[in-house]
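Produce the complete structure using the sequences and hints provided.
Order-wise, the sequence lines are chains A and B. In terms of the working numbering, the first sequence opens at residue 1 and continues consecutively. In terms of the working numbering, the second sequence opens at residue 1001 and continues consecutively.
One thing to keep in mind: the hints can contain errors.
Non-contacting residues of chain B with respect to chain A, defined by C-beta distances greater than 12 Å in every case (computed) [said to hold, decoys possible]:
1. Ala1003
2. Val1007
3. Gln1050
4. Ala1071
5. Gln1137
6. Thr1163
7. Val1184
8. Phe1247
Sample of chain A residues facing chain B (criterion: CB under 8 Å; computed from the structure) [to be verified]:
9. Tyr92
10. Ile257
11. Leu259
Don't read these hints as lab results, they were simulated from the structure. Note that beta-carbon positions come from the ideal geometry of N, C-alpha and C, so glycine has one too.
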Amino acid sequence: MEWFSSFWATYSTLTLSLGTNVLLALSIYLTLSCGLLSVANAAFMALGAYSAAVLTLRAEVPLWIGVCAGAILAGVTALLIGRPTLRLSGVYLAMATLAFGEVVRIVILNAEQLTGGALGLNGIPQSTAWYDVALAVGLTLYVFLRLAHSHVGRTMAAIAQDETATELMGIDIRAYKLFAFVVGAGVAALAGALNAHFTFFISPNEYGFDRGVEILAMGVLGGTGSPWGAVIGAVLITLLPELLRGLGDYRPLLNGIVLIVVILYSPKGVWDLFAASRRRTKTVLAEPDSRTLTR
Amino acid sequence: MFAQQLVNAISLGAVYALFALGFTLIFGVLNVVNLAHGAIFMVGAYAALQAVLILELPLLAALLWAMAVTALAGWLLDKLIFSPLRARRAPHLAPMIATIGLAIAVNSAIQGWFGAENLRFPTATLPARVLTFGAIQITQLEIQIIVMALALMSILFWWLHRTHAGRALRGLAESAKAAALLGVPVERYFRATAVIASMLGGVAGVLIALYSNAVFPGMGQPMLHKGIAVVILGGMGDIRGALLGGFFLGCAEVFSVAYIGSTMRDAVAFGLLFAILLVRPQGLFGQAAQRRA
Chain A
1 MEWFSSFWAT YSTLTLSLGT NVLLALSIYL TLSCGLLSVA NAAFMALGAY SAAVLTLRAE
61 VPLWIGVCAG AILAGVTALL IGRPTLRLSG VYLAMATLAF GEVVRIVILN AEQLTGGALG
121 LNGIPQSTAW YDVALAVGLT LYVFLRLAHS HVGRTMAAIA QDETATELMG IDIRAYKLFA
181 FVVGAGVAAL AGALNAHFTF FISPNEYGFD RGVEILAMGV LGGTGSPWGA VIGAVLITLL
241 PELLRGLGDY RPLLNGIVLI VVILYSPKGV WDLFAASRRR TKTVLAEPDS RTLTR
Chain B
1001 MFAQQLVNAI SLGAVYALFA LGFTLIFGVL NVVNLAHGAI FMVGAYAALQ AVLILELPLL
1061 AALLWAMAVT ALAGWLLDKL IFSPLRARRA PHLAPMIATI GLAIAVNSAI QGWFGAENLR
1121 FPTATLPARV LTFGAIQITQ LEIQIIVMAL ALMSILFWWL HRTHAGRALR GLAESAKAAA
1181 LLGVPVERYF RATAVIASML GGVAGVLIAL YSNAVFPGMG QPMLHKGIAV VILGGMGDIR
1241 GALLGGFFLG CAEVFSVAYI GSTMRDAVAF GLLFAILLVR PQGLFGQAAQ RRA
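Next up, the structure:
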């Protein structure tokens, strides 16, 4: 097992990051599968990370209590802002969630007593072990896969395709959207809390627009048709910078180019390349509606 | 004090409006959230700086050079990214993700080529006169910025509302299909829009670079956030909205710094934005999205 210990010594952070990125990608998969274009997951990640970190640092609670507290806080926040915000759709929802994310980041930045402000929180106990992340990822993936093929999952897919028709069938779309939003927030917070406990330093800038955009990119790049798409997207976006390590400063350059090329040749995401062969695609002649997210 | 802050707000707001105009043009006409607009803004700033440093051009010529460079960038953006995605009937989000990739790539390229540090215009090249009107002090640079921004916006307005091509563009923004049926060369107009929008972004970049005398690879990002905020305030896809939203945000920022404190500056802007989205999500001038049953 010697190669494993040396592998782990070098790549433990990367592997754990991969795990939390998969969780983040899954959280946005859930919101996207309901037709919600939300960039707020970075903010929920921040809420989860900061609440768990503050609890473990100041009150010395065990890891999973902190994580659960973070997830609950994020869930409650999502519930509170979800009700008014989810009336919006499409790009307006994206912008509202973006604005919300920035407000969260700035509040964290200014609440210096609690959160350390711009200097961030240092010395968070490194209590995340690989099995914590593996458990979280496995459980979430399993639940989402079952959800996708269940009554709830199909309803959300219907909402994503055509809200009006779904509503006319007597389905309470507000409740389903809120469900997707809140659960997505909880999963993102879970990822954030776990992430904070192996990077041992967090600062508000990590959870801004760039992170939100990165999460969205993971979701869309991998493909929104299935939770596996989220996994693929997370793997691509996490590992690509590592594989390109030799390029130094120009690494993000190739990263960006790869992103562009993948989108150009597989606009529905990488998962679509696998799924397309198993599916006949119908071309629908329709005016591009800025509110629907076509799969 | 108030009048002085108002002057600052107007000059800052004018540049915000210019940047937001480019952003909203691409959204309104091409239906794409162009997250690479900040990168193009930055390219404009660098182009002007290099023109001054290497080619030793006067400022106006450097501005024109930056406009040419960013116009080319916009042309490439549409030709290489937006146009193929349109042809492939890509889902709505795909072009946005591609622009994310482009922004990352361009940022990295600029950083690798020019370095990450703050570059400055040589002090000799910057206009230095300060004019005083009673209690208000305004620099020559601020006046030039306001004039340039307002001039460009007026030209754009005139073009959109008084020429045949402008009318075609407005029709295209309403419905690409209908415009095509009426004989408007849609692809050509899309390309032209990308070029014009990028040019406006580039000019905004040069103006901000001169205003703050700081050119660095990350300068596009915060500007992009503000551009998004302006466009939401004013209404997505609406030109007057971008204009008013820009001035509104400029005022909100300057006054919150003056009367509240600089740390909460962004919080005020985004908090306001969030509140407006809840009350009137289409912004001041936007149209509420029609339900198509």
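Against the structure, the hints come out as follows:
no.: 1; hint: Ala1003; in the structure: holds (29 Å)
no.: 2; hint: Val1007; in the structure: holds (27 Å)
no.: 3; hint: Gln1050; in the structure: holds (19 Å)
no.: 4; hint: Ala1071; in the structure: holds (20 Å)
no.: 5; hint: Gln1137; in the structure: holds (31 Å)
no.: 6; hint: Thr1163; in the structure: holds (26 Å)
no.: 7; hint: Val1184; in the structure: holds (16 Å)
no.: 8; hint: Phe1247; in the structure: holds (19 Å)
no.: 9; hint: Tyr92; in the structure: holds (5 Å)
no.: 10; hint: Ile257; in the structure: holds (5 Å)
no.: 11; hint: Leu259; in the structure: holds (3 Å)
Of the numbered hints given earlier, the model fails none.
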